[in-house]
Every structure is written in C-alpha cells, then in structure tokens.
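Enquirer: Sequence:
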Amino acid sequence: MVISRGLTEGFRGAVAEGLHPAAWLWIELEPSLVDVNVHPAKREVRFHRPVEVREVIAESVREGLRESQTAATPVASAPKFSPPLFQSSAAVTRDVPFVAPAPLNVLTREEQTMIDDLLASAQTEESSLATNEPSVAASDRAAERFRLLGLLHRRFVLMESDDGLVLFDPKAARERILYEGMLQHRESGVPVQHLLVPVLLDLDPRDMDLILRERSSLASAGIEIEEFGGNTVQVRSLPEGLGVGDSMGFVRELLDELLHGPVQGGKFAFERLAKLLARRASLLVSPSLEEARHLLDKLFRCDLPYCAADGRPTMIEFGMRELERRFGSGR
Numbered sequence: 001m002v003i004s005r006g007l008t009e010g011f012r013g014a015v016a017e018g019l020h021p022a023a024w025l026w027i028e029l030e031p032s033l034v035d036v037n038v039h040p041a042k043r044e045v046r047f048h049r050p051v052e053v054r055e056v057i058a059e060s061v062r063e064g065l066r067e068s069q070t071a072a073t074p075v076a077s078a079p080k081f082s083p084p085l086f087q088s089s090a091a092v093t094r095d096v097p098f099v100a101p102a103p104l105n106v107l108t109r110e111e112q113t114m115i116d117d118l119l120a121s122a123q124t125e126e127s128s129l130a131t132n133e134p135s136v137a138a139s140d141r142a143a144e145r146f147r148l149l150g151l152l153h154r155r156f157v158l159m160e161s162d163d164g165l166v167l168f169d170p171k172a173a174r175e176r177i178l179y180e181g182m183l184q185h186r187e188s189g190v191p192v193q194h195l196l197v198p199v200l201l202d203l204d205p206r207d208m209d210l211i212l213r214e215r216s217s218l219a220s221a222g223i224e225i226e227e228f229g230g231n232t233v234q235v236r237s238l239p240e241g242l243g244v245g246d247s248m249g250f251v252r253e254l255l256d257e258l259l260h261g262p263v264q265g266g267k268f269a270f271e272r273l274a275k276l277l278a279r280r281a282s283l284l285v286s287p288s289l290e291e292a293r294h295l296l297d298k299l300f301r302c303d304l305p306y307c308a309a310d311g312r313p314t315m316i317e318f319g320m321r322e323l324e325r326r327f328g329s330g331r
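Under the working numbering, the very last position in the sequence shown is 331; numbers go up by exactly one each time.
Don't read these hints as lab results, they were simulated from the structure.
What you were told as hints is all true, and nothing was included just to trick you.
Lysine-lysine pairs mimicking DSSO-like chemistry, simulated, CA-CA at most 27 angstroms apart:
(1) K171 / K298
(2) K171 / K275
(3) K275 / K298
Simulated restraints, written as ranges between beta carbons of each label pair:
(4) M248 / D204: 17 to 23 angstroms
(5) E144 / R321: 21 to 27 angstroms
(6) E144 / V45: 45 to 51 angstroms
(7) L149 / R252: 33 to 39 angstroms
(8) L210 / D297: 35 to 41 angstroms
(9) D35 / P205: 48 to 54 angstroms
For every residue, glycine included, the Cβ atom is placed at its ideal position computed from N, Cα and C.
Produce the entire structure from the sequences given, and follow the hints as far as they go.
Expert: This is the structure we're talking about:
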C-alpha cells in the first residue's frame, strides 16, 4: 500500500480517472529499515518509516514525469484509431539514502536529520520547478514541431508533425494551462478578479452550512464568498484569467458540481477546486487557428503538456507508419 499510494500520488493529474499507473521501481535502503518477513511468500514488506518512503516515491515519480517531457511525443496511435492514454509503464528509479538505525530501530539524531534534509530537498526542488517556467525559447522550439493545418468540426485542430498527423484539443490544453497556473500560486495565493456585480445564490440549509464552513478553502482558490442573508450567499471574486463571460451561470454550475459531483479525496481540497475551475473555464474555448498557436506556446511551458488536469490527452498523433498500414500502402 505504501508503494502503490506513492505511485498514485506521483501520477495524480497525469493519469485519467479509472486508470492505474504501473512502474518498475528500484528501491535501495538499509535492511534494518524494512521488515521482509510479514508475508510467507514475500509478497509484502513493512517499512519502518512508511510516510517518508511514500513521499520520496511520489516525488521521484513527479520528477521522472517532468524530465520525460523534454523528449516526449504526443500519445501515439493504436489500431482502429483508438489510442490509449498510456502505452507503456513509466520507469522511475531513485536511490533512497537511508542510514542504518541505532539498536531497537530507534533513529539517531543524525539519521533523523538526514531524512528531514532529504524531504526538505525534495519539497524545495518541487517548489522551484513549479514556480520557474521553462525558458520561452525551449517552449517555442517544442511548439514549432507542429504545423497548423486547419480545424476539424470547429472542435479539434489538425496539425502536421515530423512523424505524422496530430489532433490537438484546445479545451484540454487550456485546462492544463489554467490548472498548473493555479498550482504555482498555491502557497502565495491565487490572483483574483473581483466581479463587478457579485453573484447571488440561494442554497438549501445543508449546502449553505457547508459552504460557509469551507469559505477559507474556497478563498485559497480565488473564490470569495460572503453571507447575504437567509440562505443566500454572494460570490465576490473568481480566480484571475478564467475568461468567464457569464459569471452567474459559471458560478452556479461550478458550485453545483462542487457540492453534488463525485468526489475523490477532499471535497474542498485545493487540487479538486483547481481542476474544477480549470475544466469549467476550458469549456468556454472557441477553437481557432490563431488561438491554437497561442495555446501551444503556453502549453509547452507547463510541466506536463501532453495531458489535461484529469489525465486526458491534449493531443493524439497518428504516425505515418500507422496511416500507411491503414491505407494499405507499400503492398
């Protein structure tokens, strides 16, 4: 469970709901820090510091995913043109420099300091990567790999790559851009846009109590809510940059899904709020070739440009070899 939870946390936002990440892991640590005799067939082990192990695994996966984007390609095609989101397991390797504990498995002060330094280093690395975007030149080079051809049913953008034909989803791209933008401001505070006319919402008493209890969580995501009297609340702000025209309709649908939609994890967790806001705002995109180029440039400044906030692909590639096979070329 420790390892699987670490994998799940590391892949969060990179794998669509319903899919489960798989990986080969090579973990090195002092034998006295793990008990391998808890299962007769050696199928389970017990770590003495499970929280630290899980966090190191999760950060290793995140780091591996970020590094893989430099040489990544769009999701490849599959038979019948139904490309899977993932075709191969990710391989993440990280040495965990645990030191042998003192007798009775009690960590010495030096050992505890080493573990604390390891976790602090991982958190610092994650923070610096989230706040420092890749250089504009590098992102431009990645975006220039794709040549815009046209629109498909005013929904998808057709592009040409060196390897074949690419279908680009502007809505999924904007979702990823907005989502990572909110995550970058998680600690410093999400920039807000105050509504010229606050949105008034009538709620049933149960939802009213829940919303008021979670006002601080909502405010951390840029949604400022105040009591207005009775069972009515007023929404005074939304995160900046959403591009929402109909504030009333957007807020109503957002809170309805927030309160009554399916939940994985905390209902008012920051990541869930960020995903909901990004997805709702991305639905407002009207694809155009000019907007597609702008989105591509921004998308390749993200840590994970090839998937939306919920793991859906932002683009799918049909390679020339697959196209030739489908058309029977070369027979």
